[in-house]
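Spelled out, the chains give:
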Amino acid sequence: MTLANSDTFEKISAILKAHTAVTVPITPDLLIGADLAIDSVQMFDLVMEIEDAYDISFPIEEASGIDTVQSLVEAIERLKNV
Amino acid sequence: MFDTDTNRNSVFAKFEKLAERMSAVSAVGRSPFGMRFDDMLSPTRARIGNEEILLAGTNNYLGLTYAPECTTAAKAAIDAHGTATTGSRLANGTYSDHLDLEEALKAYFGVASAIVCTTGYQANLAALSTLAGRGDHLLIDADSHACIYDACRLSDAETIRFRHNSPEDLAKRLSRLPDTGARLVVIEGLYSMLGDVAPVAEFLKVAHAHGAMLFVDEAHSVGCYGDHGRGVAQAQGVLDQVDFISGTFSKSFASIGGFIVSRHPALELIRLVSRPYLFTASGSPANVAAARAALGVIARDDQLGKRLWARANQLHAGLIAAGFQPASPPGPIIAIERPDDQTAVAEWNKLMDAGIYVNLAVPPATPQAKSLLRLSVSAAHTEADIDRILAAFRSL
Ligand SMILES: Cc1ncc(COP(=O)(O)O)c(C=O)c1O
Chain X
1 MTLANSDTFE KISAILKAHT AVTVPITPDL LIGADLAIDS VQMFDLVMEI
51 EDAYDISFPI EEASGIDTVQ SLVEAIERLK NV
Chain Y
1 MFDTDTNRNS VFAKFEKLAE RMSAVSAVGR SPFGMRFDDM LSPTRARIGN
51 EEILLAGTNN YLGLTYAPEC TTAAKAAIDA HGTATTGSRL ANGTYSDHLD
101 LEEALKAYFG VASAIVCTTG YQANLAALST LAGRGDHLLI DADSHACIYD
151 ACRLSDAETI RFRHNSPEDL AKRLSRLPDT GARLVVIEGL YSMLGDVAPV
201 AEFLKVAHAH GAMLFVDEAH SVGCYGDHGR GVAQAQGVLD QVDFISGTFS
251 KSFASIGGFI VSRHPALELI RLVSRPYLFT ASGSPANVAA ARAALGVIAR
301 DDQLGKRLWA RANQLHAGLI AAGFQPASPP GPIIAIERPD DQTAVAEWNK
351 LMDAGIYVNL AVPPATPQAK SLLRLSVSAA HTEADIDRIL AAFRSL
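If you read the protein sequences in the order shown, they are chains X and Y.
Quick note: the first sequence uses our numbering, first residue 1, plus one each step.
Quick note: the second sequence uses our numbering, first residue 1, plus one each step.
In case anyone wonders, no lab produced these hints; they're calculated from the structure.
Nothing here was measured: the structure is a model prediction, and the numbers come from that model.
Check each hint, because a few of them may be wrong.
Part of the chain X face toward chain Y, derived, beta carbon under 10 Å [to be verified]:
| hint | residue |
| --- | --- |
| 1 | D7 |
| 2 | S40 |
| 3 | V41 |
| 4 | F44 |
| 5 | D52 |
| 6 | I60 |
Glycine is no exception: its CB is placed at the ideal position from the N, C-alpha and C atoms.
Bound-form chain X, shown alone (with noise of 0.2 Å):
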């Protein structure tokens, strides 16, 4: 299965457009800071929001290392296997 089509990036997309000002198509090249406007306060709250989508536990030190929504989704795959 491609990165675009999996469950995960599917479920992501959803809570990135709901936490982007920007009206762009999420890609999983798309950068979160840069592209969605999405900083850095901001994405510890989305980090929050997907513990609770996904029943794990995210540290926030995991978030800092993230660029692109393809490494949000594989922080998360890494994280639901942990």
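Chain X is already provided as a structure; the job is to place chain Y with the ligand on it using the hints.
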């Protein structure tokens, strides 16, 4: 306004947007971020140029900065022990003054262990970064002060945020954690921006039920809440069960410095390994003496606390009567949310024109990106002072 250097490799390039924002704010009037008092006259008065300003944004909750007990003790400490310690607590920077203050804190809080630090910021860094290590988890309130976030960055533990003031949300996040490693929950007694109080007793129950310890930063609440100012944990009847309390001497205690206290004697061990504690100079004799004197006043006399609450209630009720909506119930911190930065800046300038200084608080320093006019009340304010502040708000 600032030469940020057009070279994109300049270390200053990243501050360009910040410089633009500062210029825009300053263009409206005075610069709220470049405030300078030409003279301090009392806990509640300062002079800027020829103007006398009524201070309503100082964190000087008990107004002790000019109390004869504190000023006399600070001056005597300079004469006796000099202006500085010139070294770390672990090397040459521990004087009997630091140890006496630690003993006084132990007696005041009724705890087994107390560590005096150079600032409150350092106290949180020293404690949190060391108590929580690799494989452990720090669980912090989403509205935590910047120094708690910085402490988490310095710690090797993983940090999980929970929703502000929600013990239920904390319980949910604690139950998701693996069984391995220690868990430390971090909250504040009184939140510095919105002035809301934590349900410490409920957090304690949740933390202990999930095998976690509870750390309460009482920087703003000590001196203001509880019996003789022992803080929110004491006011809620759980001081003897909370695992750690940190605080500062820079607000109610009319000095500079910080502390960590604990019912666990093992807190002492962090002195040997905590980098923020080890690698900075200890508090100066004058600062330690002023804090010790303030603690003496607070422990002996509860009139200041009573006066503070009378003024806080007066200001809170008056603001509501004037059509404003304080963010929280009455307390020493009263925040008024404004619709946006521009409104807050314009109103802050109007208040300054009326000779009233309050804090302007804007994102990212505020929770939920709010723009705030933040007032702090002092026991040194008179009823007439509060009336003057209210009159200025009515004219906004
Ligand atoms: C919640 C909180 N913790 C700690 C501190 C730091 O205290 P200090 O000024 O002593 O560094 C502050 C003060 O700004 C604070 O608001």
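Outcome of the hint check:
no., hint, in the structure
1, D7, "violated (20 Å)"
2, S40, "holds (8 Å)"
3, V41, "holds (6 Å)"
4, F44, "holds (6 Å)"
5, D52, "holds (8 Å)"
6, I60, "holds (5 Å)"
Checked against the numbered hints given earlier, the structure breaks only hint 1 and satisfies all the rest.
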